[in-house]
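**Student:** As a plain string of letters, each chain reads:
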Amino acid sequence: MLNPEELEKEEESDYFDYFFDEPGSEPGKLNIEPDAKPSRIVLIDYDQSHAIRKVDVTPNALIPYLGTNTISWMDIQGLGSERVLKQIGEIFKLHPLLLEDVVNVPQRPKLEDYNEQLVLIVQMVRPKDNEEGFESEQVSFVLGTRYLLTFQEEEIEDCFDIVRERIKANQGKVRQQKADYLMYLLLDSIIDGYFPVLEDYGDRIEDIEDELAIRPNTNQLKEIYLIRRELLALRRAIWPLRNVTNMLVRRESSLISSEAQIYFRDCYDHVIQILDIVETYRELASSLMDAYLSSMSNKMNEVMQVLTVVSTIFIPLTFIAGVYGMNFEYMPELKTRWGYIICLGFMGAIAGGLVLFFWRRGWFEPFARPNIPLSKKD
Amino acid sequence: MLNPEELEKEEESDYFDYFFDEPGSEPGKLNIEPDAKPSRIVLIDYDQSHAIRKVDVTPNALIPYLGTNTISWMDIQGLGSERVLKQIGEIFKLHPLLLEDVVNVPQRPKLEDYNEQLVLIVQMVRPKDNEEGFESEQVSFVLGTRYLLTFQEEEIEDCFDIVRERIKANQGKVRQQKADYLMYLLLDSIIDGYFPVLEDYGDRIEDIEDELAIRPNTNQLKEIYLIRRELLALRRAIWPLRNVTNMLVRRESSLISSEAQIYFRDCYDHVIQILDIVETYRELASSLMDAYLSSMSNKMNEVMQVLTVVSTIFIPLTFIAGVYGMNFEYMPELKTRWGYIICLGFMGAIAGGLVLFFWRRGWFEPFARPNIPLSKKD
Amino acid sequence: MLNPEELEKEEESDYFDYFFDEPGSEPGKLNIEPDAKPSRIVLIDYDQSHAIRKVDVTPNALIPYLGTNTISWMDIQGLGSERVLKQIGEIFKLHPLLLEDVVNVPQRPKLEDYNEQLVLIVQMVRPKDNEEGFESEQVSFVLGTRYLLTFQEEEIEDCFDIVRERIKANQGKVRQQKADYLMYLLLDSIIDGYFPVLEDYGDRIEDIEDELAIRPNTNQLKEIYLIRRELLALRRAIWPLRNVTNMLVRRESSLISSEAQIYFRDCYDHVIQILDIVETYRELASSLMDAYLSSMSNKMNEVMQVLTVVSTIFIPLTFIAGVYGMNFEYMPELKTRWGYIICLGFMGAIAGGLVLFFWRRGWFEPFARPNIPLSKKD
Amino acid sequence: MLNPEELEKEEESDYFDYFFDEPGSEPGKLNIEPDAKPSRIVLIDYDQSHAIRKVDVTPNALIPYLGTNTISWMDIQGLGSERVLKQIGEIFKLHPLLLEDVVNVPQRPKLEDYNEQLVLIVQMVRPKDNEEGFESEQVSFVLGTRYLLTFQEEEIEDCFDIVRERIKANQGKVRQQKADYLMYLLLDSIIDGYFPVLEDYGDRIEDIEDELAIRPNTNQLKEIYLIRRELLALRRAIWPLRNVTNMLVRRESSLISSEAQIYFRDCYDHVIQILDIVETYRELASSLMDAYLSSMSNKMNEVMQVLTVVSTIFIPLTFIAGVYGMNFEYMPELKTRWGYIICLGFMGAIAGGLVLFFWRRGWFEPFARPNIPLSKKD
Amino acid sequence: MLNPEELEKEEESDYFDYFFDEPGSEPGKLNIEPDAKPSRIVLIDYDQSHAIRKVDVTPNALIPYLGTNTISWMDIQGLGSERVLKQIGEIFKLHPLLLEDVVNVPQRPKLEDYNEQLVLIVQMVRPKDNEEGFESEQVSFVLGTRYLLTFQEEEIEDCFDIVRERIKANQGKVRQQKADYLMYLLLDSIIDGYFPVLEDYGDRIEDIEDELAIRPNTNQLKEIYLIRRELLALRRAIWPLRNVTNMLVRRESSLISSEAQIYFRDCYDHVIQILDIVETYRELASSLMDAYLSSMSNKMNEVMQVLTVVSTIFIPLTFIAGVYGMNFEYMPELKTRWGYIICLGFMGAIAGGLVLFFWRRGWFEPFARPNIPLSKKD
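One line per chain: the protein sequences are A, B, C, D and E, in this order.
When we follow my numbering, the leftmost residue of the first sequence carries the number 126, and every step to the right adds one.
When we follow my numbering, the leftmost residue of the second sequence carries the number 126, and every step to the right adds one.
When we follow my numbering, the leftmost residue of the third sequence carries the number 126, and every step to the right adds one.
When we follow my numbering, the leftmost residue of the fourth sequence carries the number 126, and every step to the right adds one.
When we follow my numbering, the leftmost residue of the fifth sequence carries the number 126, and every step to the right adds one.
These aren't lab readings, by the way, just hints derived from the structure by calculation.
Keep in mind that a hint or two might mislead.
Identical copies carry no separate label here, and so any pair may be met within one copy or between two of them.
Think about it this way: if two alpha-carbon atoms lie no more than 27 Å apart in a straight line, the pair counts; the simulated BS3-like pairs of lysine-lysine are [to be verified]: (1) LYS235 x LYS253; (2) LYS162 x LYS303; (3) LYS303 x LYS218; (4) LYS460 x LYS162; (5) LYS235 x LYS460; (6) LYS460 x LYS154; (7) LYS218 x LYS460; (8) LYS235 x LYS179.
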C-alpha cells in the first residue's frame, strides 16, 4: 500500500515514463501492479436484430460467442487479475508480446498486425478532477473478424457508455456495421477527449498573457514551465497516433472495410488538428518564456531608474551639504549674510536641472507606469 | 445571446481552436451554432450563351439544374438552417462526414475525394475592421461534374462578387470553362486575400523596428508577442493549403481537367509565396524579440552607467567632507589658513581625475545618447 | 511620381514582398508599374558562321527569325510597355499565366514546363551602389527550340554584355551550341553574381566580430539585426533556385540536351555553395546576437563592479566620519589627543582590508580592462 | 599504467569520442588497448534436449561445434588478447574490417550484413556505481546459421547471466529456438538496461525543479549543463539503434526467421520509447536552463528592489540631515524652539510617503518572499 | 606578393568562402592563384609483381602508362602550372568543368560521374601548427579503369607517404587490388585526419567547462564564439562527404568493384561518426553559451548582493549619525549623559538586525563563494 506522497510522486512521473521490464526478464512476462484493479469482463453481443449485455462474465463464458455471426464486444476493465488475462490470451490466441503490451502499461501508442488480429494501443486523457493538468490511461483494442476486445486500466464511464447506449437503443449505424466500425466509434471518442484537455491549456496560456505584463512574478515562470512540461507529455501521447491512424486509413487489411476507412480518415483529421494545436501551444509557451524574461528585464530597468534618479539627484546635494558642514576655521562663505539662502538656491537649481534632464529622457515613467495585459496594447 | 465581452473572448480564441465534437457524440452530427446566420442559397447557372442568377432559392428548386449541361454554382450563405443543409446533403448525396466538416466550423483546410465529388475546405482571411489582426472564415467547395457547391459562414462580398460580375458580363474565359475553372477563380481570390493581411504584418514589424532602438518599452514587447501569436494562427490556416493545392495539381481526377491544373499550379505558387513570407516574418519577429532583450540590456547599462558615474564621483568626496566635519578637538588641518581651499582643491582634483577616467571609457555616452531607429545606423 | 522617401520605403520592403494581384482580379492580367521602364528589344541571331545584333526591334520584326535554323536571342529590356509585351505573348504563344509571372515582378524563382517552352524565373542580385545591402531584379527566360527570350526589369549591363561580346567574337563554345547553352551562360553569370554580395556580408560580420568585444554598442545590435534580415531575403531568393537547377539537371526535356545538363549541374553546385554560405552566415549572425547579449552583460558587470567597489569602500567610512560628526556633549573620544589620528588609521585599515578583499576576487579588473576583438584571445 | 587522474579524464571524454585509427594506418589493424582485459571464451552449446557450458575454452576448441546441429553461443569476454581474437577471426572467417570494428572500441552502433554473417554492434549502458552519470560498454554480435559470437569489453554479469540461467534451466522458449532468438534475448536485455539509466535522469531533473525556484545557485546551472551533456551522449548511443532494430525487422535475411522478427519488433518499440524519453528530457533540460536564467533574473530583481527601497528612503533623509548640519552662521531655523521636532516630523512624513509608494507597487515583496518549488504554484 | 597581414586575413576567411568565378566569365576557365605552388607530378606504377616510382615526370611521359595493365597513380602536387594542368586535361580527356573544379580551389566536396571517369573532390584538414584551429586543403581524385589521378594544393606528406611506403614494401593488400582500393586507402587516411582535429575541439570545450564557473570572463565568450565558427566550417567540409561516401557504397559503377564497396562502407561509417561528434560539439558549444550567460548573471547577482548588503546596512546608520550631526539649538538628546552610548547601541542593534536578515536569506554567500568547475558539483 502506497502512502499519499508516494502516490503523488508516481502520478507526476507518469508524465514521463513508459513501462519497462527488469533488464534480462523473460519476454511476454505479465507485470501486474499491486494496486491494479481486478479484471472484470463486460460482454456486449449484437447484430441488426438483437443486442445483449452481460457483466462479470468469466473468460470461458466468452468461447461460445467466438463462432457466431454476431458482433461481440468484450470489454476487460481492470488489469489486476493475471489468471483472467492469461485465460483470455489463450482463448483468443493472443501472442505473448501482444498480451505483455496490453498489460504492462503505459506503452507508446501503436498499431500492430498479427495476421488474424489487429492490435491498437492508445492513451486516453482526461482533465484532472480538482487541479490543473491531465491524467492518462491506456486503452488497448484487439480487433478480430467478428469480435472486438478492449482492455482498460479502470472502467471508463463517460464516452464508452454513450456507445453502449447507442448499441442498446439501436441509434445511428452501429448495429448495421461490423466490429471495425465499433472500434472507430470508441477510438473517435477517445481522440475527441483530447480537445477539452487542450482547451484547458489554451485558457491557462491566456491567463498568463493577461497577468504577465501587469505583475511578472515567479508564479508565471512556474506555470509556463509546467505547461511546457505537460504539453511535452501530451505530444508524446498523441504524436504516435498520427502514424497509427494514417496506417488504419492506408493499410489494406481484411479486418477493416473500405467503408470504415472513410471513418478512420476522420480520426486521422482530428489527430492532425490536435497536433496542430499542441504545436501552436508549445510555440506560444516558448514565446511566453521569452516575454517573461523581457518583462523581468523591463521591471528591473524600472527599479534601476528609480534608484538612479533618486541617487543622482540627492548624492551631489548631500555632498554640498557635507562641504558646508566641515569645521575649517577659515570658511568665508559661512559668515556671509545670504550664504545659507544662496546655498539652498544653488542646491535647488542643481536638483531642478537633474529633474529636467531625467524628465526629458523619460526616466520618470516608472514612477507612473500603467499596467496593461500582454494581449492588449496602450 | 452573447454579451460583448464574451464575443470578444470567442473571437480571440478563434485564433487557436478547431471545432470539436462532444467526446462520444454520433459521427455526422451537425452542430448549428446559436448565432449562425440562417442559410440562403444563391444559384448562378451559365454556359457560353447564357447566365442566370436566382437568390433565395429553396433546396428543392436546385434539383432541375442537376441534369442539365450548363454549369451551376450553388452558393449557400450562412450555416444556421439545419433543415436546409440536410436537404442539400440529400439532394447532392453528400457523405454525412462531409456535411459535418462543412457545417462544424472551423476545420483544418483539406481536400477529400468522395469519388463523385471533390471536397475542398479552406480558411479565408480578411483584415479586421478597426483594429489590428485578421479574422478568418471557412469556405467549403463541393465540386461535381457540372456543378459547384460553396458554403460560407456569412456572405462574402468583395471577391466573390467580382467573379459573379465576370460571369454576368461574360468577361474573361469563365463562361467557356467548366466548374473546375470556376472553383479555381474563387480559390484564387481567397488565396490572394492573404497578401493584404500579410502586408499589415510587414508594416507592423517595420513600425517596431523604427521604435525599438529609440525608446524600448513594454508596448513593443506586447506587439512582438501578438505578432508571433497571430502569425502562428495564419500559418496554421495556410500551411495545409500547400498540400491541398499540390494535390489539385498532381492528382488525376476526372473532375479536374489538365488545363485547369495549369491554373491550380498558379494557386500553388501563391500559397508557397505566402508561406515564404509568413516564415520570413516569423523569423523577423523572433529576431526582434532578441533585439528587444538586447535593447533593454543596453538601456539598463546606460542607467547603471549614469548611477555609477555620479555615485563614484560624489561618494568619495562626501567622505572627505565628512572627515572634516568630525568634531575631534585636535584636528590641526582645521586651524590652518589655507586648509579649506586646499581641501576644495583636493576634492576638485579627485573629481577631475574620475571624470577623465570615465570619459576615456566612454561612460559619458549615455548622458548624450542619440536615438536612432533599428533599421538605420549612425 | 514617387518622392524620394517613398522610393526608399519601397526599396526596403522590396526585401520582403512578392507581387500579388488584387484579390478577385482576372487571371493573366498584366500589372504595369507606373515607374517601369519602356520595353525595348535587342535581338541577337547567330549560328556557327554568323552573328548579327539589332537593337530597338519591333515585336513583329522578330517573326521572320522564328522559322530559321539559327539561334535567336530576344532580350526584352524594361517591362513598361503593355502593348509590346502582349504582342510578344501572341507571337510566341505564351500562356497568359506565364506572361503574368514574367511581368508582375517580383515572383518566386521557378521553372515551369509549358510543353513547347521552358520558363525559368530567377532573381538577380547586385550590391547597392553607395551603401550596404543589395538590390534584386527579376530575370525571366523563355526557352524554345531555337530561340531564347529574356525579360529584364532594366538593362543588365555587366554580365550579359560579356556574353554578347563572346557571341560576337565567337569566343568559347557558345556559337557551336544550342539555345540551352546560351541560357546556361546567362544563368551561370546571374548565379555567380551572388558571391560578391555574400562576400560583403562576410566582411560585415567580421567587422562586427572585431568591434563587438572592444566596445559593444547599439550600432552593432542594429547591424546584426539588419544582416539577419537581409540574409533572410537573400535566402528566399536563392533557396528555390536549388530545386530549379536540380530540375534542369534531372528532368528529361527535348529542349535541354544531355550535354547542356552537365553544365547545369555546375549551376546546381554553385547554388548549393551559395546556400551553404548563406546558412553559415545566418548561424554566425545568430551566434553574434548571443555574443552581443553576453558582451553587454559583461559590460554591465564591470560597471556594477566599479560602483560596488567604490560604494562598499566609502559608505562605511562615511558612516564613521558621520558618527564623529555628531554633536553629543559627552563623546569622550573627541577629547583625546590621538583620537583623530587613530580614527583616520582605523578608516585606512578598513579601506585597505576591503581593497585587498576585492583585489583577490579580481573585482579591480574592470578598472584596467584590455579591449580585444572577438576573433582573438588574450 | 595510467594514473587515476588520467583514467578519470579518459572516462569523461568517453562520452564524446569514437575510436579512430592513426590516419594512414592499415585497414583491418587491431588496436589492443594496454589496459584491455585478456580475452576468455565462454561456450554454451544447447538444443532442445541438452545444454553444456564450458569456460576458458581455446579458440581451436570451438571448431568442432561449428559443424553440429546444436546452437553454440561463444561469448568472448575481454578484448585484450590479439592472438585469440585473430584466431577467432580465422576460424569464423570474419572480414578484417568486421574484426576491426569489434575490437577497436567504441564504435557507433550498426548492423552490417556480410552474407554468411550478420554483425550487430551496440553500446550497453549502466549507471555509475557511486556517482551520477552512466558508463557504456560495447557489445558486438556475430550471428551465423547455428552459432552466435558475442564480444564484450568486460564480463557483463547481470543481464547475460540471467539468459545463461534460462538456457541451463530450460526456462521459456530459448531452447526451442534458433540463434536469432538468443540474439534477441541478449539485445533485449541490453536495451532494457537503458531505462534505469534514464530514470536517474528523470529524478535529477525533478530534483532541480524542486530546488530551482527556492534557491537558484550555480550548482543547478552545473547540474543542468551536465545533464544536457550526458543526454547528448546517451542519444548518440541509442539513436543509431533505431535504424539497426528497424533493419532487423524489415530486412529479409536467411539468418533471421519471420518469427524472430516479431520479437525484434518489440526491441524496436523499446528503442523508440527510449528515444522518446531522451528527447523529452532534453527539452525539459533546455526549459530548465531558461527557467534558471529567469529565476536568476527574478532574484536579481529582488536584490535590486531591496537596495532601491532602502536607498530611496534614506538618501533624501540624509540630505536633509546634512543641510541642518551645515555651519552657516545665519540659519534661522536652527534657533527656533520646535525646529528639531518639525524637522524630524518632516523626515518621517517623507519616509512614510515613500514606504506607501513602494508598498503599493509591491516592492516590499522581496522582504517577505515565500520560496516554492518550480513544480508547484502558490 | 601578399604581406603577412593579408595572408592571415585570407587564411581566416578561408573558413567561409568557396572559390567563385568572376560573374560572366567563361566556363572551364582555370584560375591559377599567384601564390600557387608549381605543379610537379609523381608517378607510381605497380602490379602484384613490381612497383616503380618516378618524380617530376612530364605530362607526356605519362602517356605510355595509360595502355598497360598495371595500376598507375599519378599524383599532381601544386596547382600553379596552367600548361601542365591543361596538358593533363588533354591526355586524360578531362571535361573542362572537371578541370575547373579541380584547379579553382576550394570547392564543395562532391562525387561526379563522367562515364569513363569518377571524380571525387574532398577537403583534407589538419591542425594548425602553433595555434588553435585547423587548416584545410582540397584533394581531388580522378579514377579511371587502371589509373588514379590525384591533385593536391601542396604536397601532403604524412598520410600519403604511408600509402606510398605500403605500395613499395608490398604491405597489406594494396598491390593485389585495383585503383579503386588505392583511392579507398587515400580517402580513408584523409577522413581519419578529421579525428585529431575534432579531439582538439573536445579539449578546448573541456577547458572552457573547467574555467567557466570559476571565473567567467570575456576570453571564454570569445573562445566559445570561435569554436562555434570553426565547427560550422568543419561541418561544411564534412557534411557533403556523407552523401559522397554513401554514393560510393550504393552506386553501381564499373569503376568500383563490389569488394571495394565494403571498404568504402567503412569510410561512410567514419564520416557518420565525425558528423556525430561535430553535432555533439555544436550542441555543447551552444549549451556553453547559455551557461556563460547564466554564469555572468550569477556573478552580477553576487556583485549586487555585496553592494546591497553594504549599502542597506550603512545608509540608515549614516542617516542616524547625520541627524545627530544637525546643529539645532534645542536637541535635548545631545545633552544627556548616555545619549552617545545609547545612540551607538541603537545603531549596533539595527546593523545586527540587518545582518541577521541578510544572513538568513543567504546573501552573505557571495562573500565566501567557493569556485568550482562546471564539470563538477559541490
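**Student:** None of the hints should be skipped; say for each whether it holds.
**Tutor:** Right, here's what the structure says about each hint:
Proximity of LYS235 and LYS253 under a CA criterion of 27 Å is satisfied intra-copy only: 25 Å inside one chain copy versus 33 Å between copies. Within a single copy, LYS162 and LYS303 get their C-alpha atoms no closer than 30 Å, and across copies no closer than 38 Å, so neither meets the 27 Å cut-off. In this homomeric assembly, LYS303 and LYS218 come within 27 Å of each other (Cα to Cα) both inside a single copy, at 21 Å, and across copies, at 23 Å. In the homo-oligomer, the alpha carbons of LYS460 and LYS162 never lie at most 27 Å apart, since the shortest distance is 97 Å inside one protomer and 85 Å across protomers.
In the homo-oligomer, the alpha carbons of LYS235 and LYS460 never lie at most 27 Å apart, since the shortest distance is 96 Å inside one protomer and 90 Å across protomers. In this homomeric assembly, LYS460 and LYS154 never come within 27 Å of each other (Cα to Cα): the closest approach is 102 Å inside a single copy and 92 Å across copies. With identical chains, the CA atoms of LYS218 and LYS460 are never at most 27 Å apart, being 113 Å at best within one copy and 104 Å at best between copies. Taking the closest pair of Cα atoms, LYS235 and LYS179 never come within 27 Å of each other, the shortest separation being 29 Å inside a single copy and 42 Å across copies.
Hint compliance for this structure: hints 2, 4, 5, 6, 7 and 8 are not met, and every other hint is.
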